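Participant: Take the sequences, apply the hints, and build the full model.
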Amino acid sequence: MRLQKFIAECGIASRRGAEKIIESGRVYVNGDLVDYMGCEIEPDTDVVEVDGRVISRESKKYYIMLNKPKNYVTTVSDDLGRPTVMQLVSDIKARIYPVGRLDFDTSGLLIMTNDGDFANILTHPKHVVNKAYIARIDKPLDEAQLERLRSGIELDGVMTSPARAENIKRGQRGFEVKITIHEGRNRQVRRMLDAVGANVMSLKRISVGSVTLGNLPEGKWRRLSDAEINKLRGKNK
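If you count by this note's numbering, then the sequence shown holds residues -15 to 221, one letter each, in order.
Keep in mind the hints are simulated off the structure, nothing from the lab. Here the structure is a predicted model, which means the values were calculated and not measured. Check before you lean on any hint, since a few could be wrong.
As the list claims (entries may be wrong) - With a Cα cut of at most 27 Å, we get these calculated DSSO-like pairs of lysine-lysine:
no., residue 1, residue 2
1, K123, K153
2, K44, K(-11)
3, K4, K45
4, K45, K215
Facilitator: So, in structure tokens, the structure goes:
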């Protein structure tokens, strides 16, 4: 078995996250440092350590959704001492981790799991999983601004994929626009809106694929249903 797949099955990170862990020199196999891709292991006999701790595969898989508040980082730990989303799921007695991430100042739907294959489906670009956001802005977007978002915005010299974009309504503290993308570039929605001249006052993710945030209270989590899991896996479409 590939080392990164084993690490993912142990609930440490997604497969892509496991690759970064390996490359950063945090993994030992049978006492030897492995910091390169392509290492094959025997999962039943080889001893794998991450950050000095022997890891093993989780027998029970967890699939949850969290309504992340603002001002939490979407990481397992934070060097700056900021609160992390792990503090909001501390009652789950398993090593789960976030699938993708939401920015520190963005709230809303975050999926967490200890199933590396499932996480890979949601994060790998080839699977094209749509994610919808509601942004509160100071004034509605005009048609030219909406068309720019729908055509794609150049960020760091690379065009984004076309987004779905529409004005929703006037809220109590500003106007709301709904943006749907399937990429996961750094601060992508905020940067796209900034590029068309919109002032973003708040941003919330309301759906990932077919799973919606619904009325889940902020800071709380719930398990995904079997139907939701299967739809996210691409089954029962």
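Participant: Each hint needs a verdict: does it hold in this structure or not?
Facilitator: Hints and how they fare:
1. K123 to K153: holds (10 Å)
2. K44 to K(-11): OK: K44 and K(-11) at ~16 Å, within 27 Å.
3. K4 to K45: Holds: K4 and K45 sit about 22 Å apart, inside 27 Å.
4. K45 to K215: holds (17 Å)
Hint check: no violations occur; every hint is consistent with the structure.
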